[in-house]
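Trainee: Residue numbers (the numbering used here), protein chains in the order written: chain A, 1 to 399; chain B, 1 to 399.
None of these hints come from the bench; they were simulated from the model. Some clues are possibly wrong.
To be verified - Cross-link-like lysine to aspartate or glutamate pairs, in silico, EDC-like; alpha carbons within 20 Å at most:
# : chain 1 : residue 1 : chain 2 : residue 2
1 : A       : K318      : A       : D341
2 : A       : K318      : B       : D142
3 : A       : K247      : A       : E264
4 : B       : K318      : A       : D142
5 : A       : K247      : A       : D307
6 : B       : K247      : B       : D276
There are 2 protein chains.
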Amino acid sequence: MRVDADRLRFEVEARDGAARAGLLHTAHGPVETPAFIPLATKGTVRGLESAEVAGLGYELVLGNTYHLFVSPGPERIAAAGGLHAFMGWEGPLITDSGGFQVFSLSHGGVAYEVKGSGRQGGEHGSMVSIAEEGVRFRSYRDGAELFISPEVSMQVQAALGSDIALVFDECTAYHADRDYTARSMERTHRWLRRCLDWHRREGPERQAVFGIVQGGVHEELRRESAQAVSEAGVDGIAIGGTLGRDKEEMAGVLEMTVPRLPEEAPRHLLGIGEVDDLVAGIGLGLDLFDCAVPTRLARHGVALVPDPARRFRIDLRKSGREGNRAPLVEGCPCPACRNHDRDYLSYLSRAEELTAVRLLCLHNLTYMRRLVAGARRAIAAGAFDSYRGGILAGASPFA
Amino acid sequence: MRVDADRLRFEVEARDGAARAGLLHTAHGPVETPAFIPLATKGTVRGLESAEVAGLGYELVLGNTYHLFVSPGPERIAAAGGLHAFMGWEGPLITDSGGFQVFSLSHGGVAYEVKGSGRQGGEHGSMVSIAEEGVRFRSYRDGAELFISPEVSMQVQAALGSDIALVFDECTAYHADRDYTARSMERTHRWLRRCLDWHRREGPERQAVFGIVQGGVHEELRRESAQAVSEAGVDGIAIGGTLGRDKEEMAGVLEMTVPRLPEEAPRHLLGIGEVDDLVAGIGLGLDLFDCAVPTRLARHGVALVPDPARRFRIDLRKSGREGNRAPLVEGCPCPACRNHDRDYLSYLSRAEELTAVRLLCLHNLTYMRRLVAGARRAIAAGAFDSYRGGILAGASPFA
Chain A
1 MRVDADRLRF
11 EVEARDGAAR
21 AGLLHTAHGP
31 VETPAFIPLA
41 TKGTVRGLES
51 AEVAGLGYEL
61 VLGNTYHLFV
71 SPGPERIAAA
81 GGLHAFMGWE
91 GPLITDSGGF
101 QVFSLSHGGV
111 AYEVKGSGRQ
121 GGEHGSMVSI
131 AEEGVRFRSY
141 RDGAELFISP
151 EVSMQVQAAL
161 GSDIALVFDE
171 CTAYHADRDY
181 TARSMERTHR
191 WLRRCLDWHR
201 REGPERQAVF
211 GIVQGGVHEE
221 LRRESAQAVS
231 EAGVDGIAIG
241 GTLGRDKEEM
251 AGVLEMTVPR
261 LPEEAPRHLL
271 GIGEVDDLVA
281 GIGLGLDLFD
291 CAVPTRLARH
301 GVALVPDPAR
311 RFRIDLRKSG
321 REGNRAPLVE
331 GCPCPACRNH
341 DRDYLSYLSR
351 AEELTAVRLL
361 CLHNLTYMRR
371 LVAGARRAIA
381 AGAFDSYRGG
391 ILAGASPFA
Chain B
1 MRVDADRLRF
11 EVEARDGAAR
21 AGLLHTAHGP
31 VETPAFIPLA
41 TKGTVRGLES
51 AEVAGLGYEL
61 VLGNTYHLFV
71 SPGPERIAAA
81 GGLHAFMGWE
91 GPLITDSGGF
101 QVFSLSHGGV
111 AYEVKGSGRQ
121 GGEHGSMVSI
131 AEEGVRFRSY
141 RDGAELFISP
151 EVSMQVQAAL
161 GSDIALVFDE
171 CTAYHADRDY
181 TARSMERTHR
191 WLRRCLDWHR
201 REGPERQAVF
211 GIVQGGVHEE
221 LRRESAQAVS
231 EAGVDGIAIG
241 GTLGRDKEEM
251 AGVLEMTVPR
261 LPEEAPRHLL
271 GIGEVDDLVA
281 GIGLGLDLFD
291 CAVPTRLARH
301 GVALVPDPAR
311 RFRIDLRKSG
321 REGNRAPLVE
331 GCPCPACRNH
341 DRDYLSYLSR
351 AEELTAVRLL
361 CLHNLTYMRR
371 LVAGARRAIA
381 AGAFDSYRGG
391 ILAGASPFA
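Just chain A, same shape as in the assembly:
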């Protein structure tokens, strides 16, 4: 670990078992943890203005290096004064490295088997080659061949000017075998060192860098990766790659990984953000979570509700909501719940009206925000176990 308070400072304010409540001080201000991080994939949280995202209580959003690299390109964003200025977001920003997208979009989903190198992409694929130097792939926009290496990823993230950059990694899939996962992890560790070397020489002084632990579902690999990343001199640690085939296996992978991370580092679980996973992850001592699910669900007419039997979801496009005068969630302060009932929201969603997407997006993000805020308060009060138990049993975060 490196410590550089000017770049990033992480303060653990309270602990409750393994769970922590903290403050992450970035170049663009503080972030209360545990935090859920909405995705501003292409330079906007879909359908919302930056000011609205801040208005929901979010302090940190995540931009996607891969998408922004393909379009509009780092030069145009740098010319605008960086991603903060480009998208009109004044708070802290984290950017992923592009690794996840290069691999998952090239192979048709992260669960798709990633085995050989030099493999042509299939129907969804655009991978040209994976080599020690970096990754060649085709742009999903115009088919142009593009190249990302650890250095290119850091260079792009430097141009974006995010507060926190993630190192370039290979995101291994569940179906990759142990041998491939091990070799890929070792390359990811070499890429980690190249990212840090480039960043030390040429990265923005106030940009922090998080390393990424890989190793699939294999305990020795996760352990080895946790150690390698912890010793590499990063500002924080993310957990990437496959976490298994189900929630049980995910819990196992996290339990074998998180305790091996240094206490003083902020810990980011990449791409996870279902309600139950979030409270489970907080309980294990994770601090940051980013996930497309809440906003993606909104685009498909699905709202978050305190109903564990239905995976905390209600699909408003299904019939049977006619005449239902109840709000989505009693006590939720979002405009969908404050101003409308399930009858209308269900009608709007089935009619595929933009207003439905927007209202559900506001609701789902309000829900996630309240969920982590509640967890934070519970940790400070030494009552996290009971908070987690309540949420998993169907208690409302707005109760």
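Since the structure of chain A is already known, use the hints to place chain B on it.
Mentor: This is chain B only, laid out in the frame that chain A set:
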């Protein structure tokens, strides 16, 4: 004309030439005129919450009887307490009669030739029959055969509970010949009497009814229709049907029609809302304008700007905006102009991000609102000619 202050009262506060500035008092509050009326086609202004529409300064929105009849149906809206309660809109509401949609959707657009009756719809068509009794057509949702007559239209609008209902009419197309247009107009006048008869017997007491002048581009027909509608005992008068093939012919039709309408009636020009048409219409003494254009343009990446040479539009999806740091319109208080530049808005529009649709929708509606508010002030100050001249020459409504 009938006068019933409890239902509707129209107060002309100032005149400047033929232009009027007024107040339309409805059961749900007053509307300053001239007014632009955003469309809440299916029970929402696309992408915006009701509170936001009100926040933009709009007092009156228009719901579409045809769409709401097809889905979710008048029973469900009545069960919610009417359209106001269903969509969470507390201000005045106007509903069209369904006539325009039945005819234009069935014939693939209002410009499509509408000639015979009993004609099967074509590729876009779903018309089954047009007869004295009413119109049979197929639902665009599930192909079910539906029937709208003057009585059904008024019954549906009664269930919606709008402040202003429009009578059921046949909307004749430009390519209909004089003979068809005349026969159609006469039937529309018979339908008008049936609408009013039904409404007198069974309509909501506080719902006003506007008649619709038809007659195509033919002076004698427009004159005859203006007289028939004026004498029928309506609360206000709308101008419908084809207004010609271009703006010049539209001006001719309006010039032959508007002066024949009673001074004391509010006058609504149906479906017209381009910047130049609006100031021209206000100059001729029209008070209300509804139009899908500002919100539809937003969905296609087009923003309103004070540029008469480009039809007051800028297409942000066209290339060449990269690095342009100017706002869409200097001085515009909308979030698109206040927080973003053309470079970012163009990127977002080309990326087809929902945020772009929303930002442009807010911009275009802010633009239209400011345009009519400026016209209203100019009329009160006796300076409407110079205001109209300025707008047509490229003056900004935000100047």
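Trainee: Against each hint, give a clear statement of whether it holds in the structure.
Mentor: Checked hints:
1. K318(A) - D341(A): Answer holds: K318(A) to D341(A) is near 15 Å, not above 20 Å.
2. K318(A) - D142(B): holds (17 Å)
3. K247(A) - E264(A): violated (27 Å)
4. K318(B) - D142(A): Satisfied, since the Cα-Cα distance of roughly 17 Å is no more than 20 Å.
5. K247(A) - D307(A): Since the Cα atoms of K247(A) and D307(A) sit roughly 17 Å apart, the hinted pair holds (cutoff 20 Å).
6. K247(B) - D276(B): Since the Cα atoms of K247(B) and D276(B) sit roughly 9 Å apart, the hinted pair holds (cutoff 20 Å).
Hint 3 from the list above is the single one not met by this structure.
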